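Colleague: Listed here are the chains, written in short residue letters.
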Amino acid sequence: MISIRKLEKIFDSARGPVRAVGGIDLEVAQGEFMVLLGPSGCGKTTTLRCVAGLERPEGGSIEIDGELVDSAAGGAYVPPERRDIGMVFQSYAVWPHLNVFQNVVLPLTEGQRRIPRSEVRERALEALRLVRLDGLEERPVTDLSGGQQQRVALARAVVTRPKVLLMDEPLSNLDARLRDQMRDELRRIAESVNVTSLYVTHDQAEALSLGDRVCVMNEGEILQLATPKEVYSEPPNLFVARFVGEMNFLPARVVDAGRVESGLGTIKCAVPPGCAPGAAVTLGIRPEHIGIAMGESPAGMRGQVLRQTYLGDALHCQVQVGEVELTVKAVGDAEYGRGDTVAISLPEKNWHVFPET
Amino acid sequence: MRLPRLNGQVSPLLPIALAPMGLVTVFILVIVWVSFQTGTLGTAHSTYTLENYRDVLGDSEIYGVVWNTLWFACSTVFFALIIGLPIAWLTERTTIPGKPAIYVIMTLGLLIPGIFVAMGWTFIAHPRIGFINRWLVDLLALDDGPINIATPLGMGFVQGLNLAPLAFILTTQMFRAMNPMLEEAARTAGMSAAATLRRVTLPLAGPAILAAVIYIFIVGIATFDVPAVIGLGNRVYLFSTYLFTLTFPEDMEPRYGITGAVGVLMILVALALTAWYGRVLQKGNRYQVITGKGYRPKMLDLGGWNWAAWAMIGFYAVLSKLVPIALVGFIAFAPYVAPPSLEMWEQLSLNNFYNVNWELVWRGMKHTLILMLVVPVLALVCAFAISWLVVRTRSRGRYALEFGAFLPHTVPELLFAIGALLVALFVLKDYVPLYGTVWLIALVYLVTRLPFATRALNGALLQIHKELEEAAYVSGLTMLRANRRVLLPLLRPTLMSVWIWTALLVYREVTVAVFLATESNITLTAVVWSYWAAAGMTEASVVTTLMILFFSPLLLLFWIFGRRSALAEQ
Ligand SMILES: Nc1ncnc2c1ncn2[C@@H]1O[C@H](COP(=O)(O)OP(=O)(O)OP(=O)(O)O)[C@@H](O)[C@H]1O
Ligand SMILES: [Mg+2]
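From first to last, the protein sequence lines stand for chains A and B. Yeah, the first sequence ends on 1189 if you go by our numbering, and it's all consecutive. Yeah, the second sequence ends on 585 if you go by our numbering, and it's all consecutive.
It is possible that part of the hints are untrue.
Label-pair ranges, simulated between beta-carbon atoms [unchecked claim]: (1) A:948 <-> B:27: 50 to 60 angstroms; (2) A:948 <-> B:503: 53 to 63 angstroms; (3) A:890 <-> B:480: 21 to 31 angstroms; (4) A:970 <-> B:368: 20 to 30 angstroms; (5) B:451 <-> A:972: 17 to 27 angstroms; (6) A:946 <-> B:534: 30 to 40 angstroms; (7) B:480 <-> A:1093: 50 to 60 angstroms; (8) A:975 <-> B:209: 27 to 37 angstroms; (9) A:946 <-> B:287: 54 to 64 angstroms.
Which bits of chain A does chain B cover? Going by a derived footprint, with three or more residues having C-beta under 8 angstroms, they are [as the list claims (entries may be wrong)]: (10) 925 to 934; (11) 938 to 946; (12) 1150 to 1157.
These are calculated hints, taken from the structure and not from any lab test. Small disclaimer: the values here were computed from a predicted structure and weren't measured. C-beta atoms are modelled at their ideal positions from N, C-alpha and C, and glycine is treated no differently.
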């Protein structure tokens, strides 16, 4: 539905040109929910704005639904108003001089995708029902709460029934509880109108829970493009591993294809091909993948609890194992106290090995 | 110019933004061009030469003029600041009651034409006809009036009264932005109140005050109305009035080359001062400490001094507006110029009203009205184009646009008037018959009103998040519709206030009108001036009185729609 090829965007700034997007390729299938995830300044918003037509790229091309909408090589440029898109802005950008209903209606009456007058009201109410704002039509938008304004923005974006829905951190201004709530709503709405979504966020939890696929970006480049499960379980490099979820890291050296030498001794794990024996690597293991039990066990290693953080549904323990400090996540109502001796097990299959770059 | 939305095309706003820039450039360049020519300009009989400069610099009269102008400008600055600065401090930093009333007085001060005040002060303190002098002569049996307003110092005093509101507005912002915590920090660091004032407050306030000084000085050196009303009849010449006599000599052919040369000298001075002004402003901005939300400067409680402060403000209002205007009103009904007395009171009549050429007044009113309707619209359209390009695009050309729109703020309108006159006479004469039309005046007004309108719109546009517009584009609205349905409604309050403020300033403008007016495009203020210059003081007073009467409903409009943002932007 959306296909981005070799997209490149360069900004002129006072300190010379800034390469905000460095030639990325991205295909989003019809009906797919694609999340762009990355740290601040990595070029997510810029990519989204190029798709919307609010920014002209310096290189590459963009197609929406088979139509070439922008090509830096020349030829095509379809301005935003003639692209079949809806967009939710980070600042919501609801029009403060109009009420809720007028905000939603404007694209239908004044836009390029306008519909017959007689259908306008029904369509607008339908969009408002979708975001559960029916009943508030006559309210000035400035009187709404942040979450409600966000829904107005969403209703406005979907009211024209666009093929593509673009969202730029729409939940970032909401408090945590509302964010969780709206996250589910967003998914529901995107599915119910069967729209192709491109969603920008820097919040990994949001990305993993929302996306059909997640595109992890850094410094204008795509580092990984995969399902949330793959992103979490098979990060291809250190950056993604650090950025998505939590992980313990320790330096190590390759012994052979099945073993590495580290501060925890020799560890069995799958060493990726291309790492010659003797090469420096970084080992990673997620806190919840480390087994922990009270007392000592002959199979595991011995550790000592340094401190613990209670999280409600889990307990994070800092455990000293040999010279290495590991974060371990213990679920359930296990209770470990400071100074307790615990048995640690590190399953072979849960290790990640990242070659040094 | 790179405009993201337009696929490499030039924005349709660009020509609109560039048009007034073109005018500014042409008006200035033509002065330079004319200054290097003698003979019949615009024909084959003109030659390029430096003679004009030689004549100007070789004429000893010019040095007297320079001296007078400096004197005048310095005293203007002195009186404006000595009145405006304390009042600004009082309103921003003390608990003085009736602050809205102070704003009213100061805003009125900006709007009431300086020429009226100058006329009033002529009646008060002119060496021959001034009432105070007449009283003193009678009282003390003197030969001559002891007080002479027709000196650079005296005229500077009157112009200082006129510009005190400007000093007030330029410095209130400084007092408002200055964070009192800095002063408190100095006090808690163990510095005495005096040391705090000397080491913290004044250095912080310095750039803003200096900027006000420079700006008022620039306005001062180019002031035409006050020195023309008071000084011309007494042959006391300043730059502006000297230029006037060169351009419109009574007894010979005008030598525009000389006008041009004097104009060029003035342009150089103005540009140098502008550069300095810009530097000082920048420094001042750096000092504007970012203040957090909910920051409220602590107000000084004046206690028993409140009445003294108000007495000073009241005295200023009486001296600068009430008495002069009342006297003009009195003279409008008096048979001849004489001090108010019981005897005179009985002779008041409507006779003067029959002596006024009503056809002329009617024409003046018509032209003033046309200008008040046309100029604000033109200024807003151009300012919108400029502001939008400056605020919403990233092209480097925007700095040039911003500078171009700022230039008329400090380059005196007098120069634009002369430039326009020369353009109409010698450049456009055969192609576009602009000379003697009200449109020529409109073009100069457009240029001179642009900086204010642009700055007001810049501020408003910056407040409107860019995404509000972009949301309209992605909702499928074309640029035109997005502007009409989203941007313009949001800008409406600013547009209204700029519109009204501009119209009011057009109403009161006199310098440009006098330089460009002929029989066929005379404005109301130019009518007043033409009566005054022809020694028709009573008739001039009649027209002035009428103008003030018409003014009141306009002021009311302003109060309803425009007051807040106009004051904030000045
Ligand atoms: N208008 C601009 N002019 C100059 N540089 C810009 C502009 N917009 C973005 N950039 C730069 O481009 C890079 C990418 O910006 P972008 O807004 O796409 O980041 P982002 O991934 O959306 O970050 P965030 O999560 O903070 O919103 C940044 O380095 C930014 O400084
Ligand atoms: Mg962003």
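Colleague: A separate judgement is required for each hint: does it hold in the structure or not?
Modeller: Structure-based check of each hint:
1. Roughly 31 angstroms separates the CB atoms of residue 948 of chain A and residue 27 of chain B, a value that falls outside the hinted 50 to 60 angstroms.
2. The supplied range of 53 to 63 angstroms is broken by residue 948 of chain A and residue 503 of chain B, whose beta-carbon atoms lie about 26 angstroms from each other.
3. For the pair residue 890 of chain A and residue 480 of chain B, the beta carbons lie near 26 angstroms from each other, so the given range of 21 to 31 angstroms is met.
4. A beta carbon spacing of about 57 angstroms between residue 970 of chain A and residue 368 of chain B contradicts the range 20 to 30 angstroms that was offered as a hint.
5. The supplied range of 17 to 27 angstroms is broken by residue 451 of chain B and residue 972 of chain A, whose beta-carbon atoms lie about 52 angstroms from each other.
6. At roughly 55 angstroms, the beta carbons of residue 946 of chain A and residue 534 of chain B sit outside the given window of 30 to 40 angstroms.
7. For residue 480 of chain B paired with residue 1093 of chain A, a C-beta distance near 56 angstroms keeps the hint of 50 to 60 angstroms intact.
8. Between residue 975 of chain A and residue 209 of chain B the C-beta distance comes to about 51 angstroms, which lies outside the given range of 27 to 37 angstroms.
9. Checked against the hint of 54 to 64 angstroms, the pair residue 946 of chain A and residue 287 of chain B passes, with Cβ atoms roughly 57 angstroms apart.
10. Remark: the segment 925 to 934 of chain A is confirmed as covered by chain B, as 5 of its residues place a Cβ nearer than 8 angstroms to a Cβ of that chain, reaching the required three.
11. Only residues whose beta carbon comes within less than 8 angstroms of a beta carbon in chain B count, and the segment 938 to 946 of chain A has 7; three or more means the coverage holds.
12. Beta-carbon proximity to chain B at under 8 angstroms applies to 0 residues in the segment 1150 to 1157 of chain A; the threshold of 3 is not reached and the given coverage is violated.
Violated hints, in rising order: 1, 2, 4, 5, 6, 8 and 12; the structure is consistent with all others.
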